[in-house]
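Student: Sequence:
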Amino acid sequence: MDKHELIETLRSAMRSHKQWVSNALALIEGVPLEKEKVPVNATECAFGRWYYSEGQKLKKINGIKEIEPLHDALHRTYMEIFAILFGEVNEPSFFSKLFGLSQKIAAEKREAAMEKYNLLQDQSEMIIKHLEQLERVITAMGETQLAMYLE
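At position 81 of the sequence shown (counting the first as 1) the number is 81 in the numbering used here, and the numbers step up by one without a gap.
Accuracy of the hints is not assured; some may be wrong.
Unchecked claim - Distance condition first, Cα-Cα at most 30 Å in a straight line; then the derived DSS-like pairs of lysine-lysine: (1) 116 / 18; (2) 65 / 3; (3) 65 / 18; (4) 57 / 129.
What the hints assert, rightly or not - Each pair of labels, with its calculated beta carbon distance range: (5) 122 / 44: 19 to 29 Å; (6) 106 / 144: 54 to 64 Å; (7) 76 / 144: 32 to 42 Å; (8) 114 / 147: 16 to 26 Å.
Hints were generated in silico from the structure; no laboratory data involved.
A quick note: this is a predicted structure, and the numbers were derived from the prediction, not measured.
Where is the CB? At the ideal position from N, CA and C, for every residue including glycine.
Using the sequences plus the hints, can you model the full thing?
Tutor: The following block contains the structure:
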């Protein structure tokens with residue numbers, strides 16, 4: 001993988017992460033989501049799949065390891081939003097509630113979920129800052145230097 005491909009892959013991971021975060025707001029607003037958009041754990045979202053596969057090629061570059069605990073915390077917050085809106089994830093009716101035609105979310109639940117969403121946005125911004133810093137580091141590297149990191 002050359003530098004251009006790596007940077008494009010990194011940008012794609014950032015875009016998928018931002019889309020995933022916007023899904024939380026959609027849930028709070030009562031928009032039903034497809035099963036693929038349910039944040040079961042940190043390794044199953046599009047960003048997590050990238051981070052724990054191709055992203056691991058970057059593990060020798062400063063800053064990449066700091067993303068993992070931030071990403072895990074982000075998923076915990078997202079799951080807290082789900083619990084507020086729909087009850088515990090492991091309840092038998094969780095997915096039927098989530099994928100039902102519509103469910104009116106009580107104002108108090110929506111308010112509590114929005115508080116968590118604000119935290120989620122802060123966590124997301126931290127991840128994006130780390131990824132943007134990683135992009136700057138990669139951009140500054142020569143192809144030979146980058147190849148050493150990707151071995």
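Student: Compare the structure with each hint and give your call.
Tutor: So, going through the hints one by one against the coordinates:
| no. | hint | result |
| --- | --- | --- |
| 1 | 116 / 18 | holds (16 Å) |
| 2 | 65 / 3 | holds (20 Å) |
| 3 | 65 / 18 | holds (19 Å) |
| 4 | 57 / 129 | holds (19 Å) |
| 5 | 122 / 44: 19 to 29 Å | holds (22 Å) |
| 6 | 106 / 144: 54 to 64 Å | holds (59 Å) |
| 7 | 76 / 144: 32 to 42 Å | holds (40 Å) |
| 8 | 114 / 147: 16 to 26 Å | violated (46 Å) |
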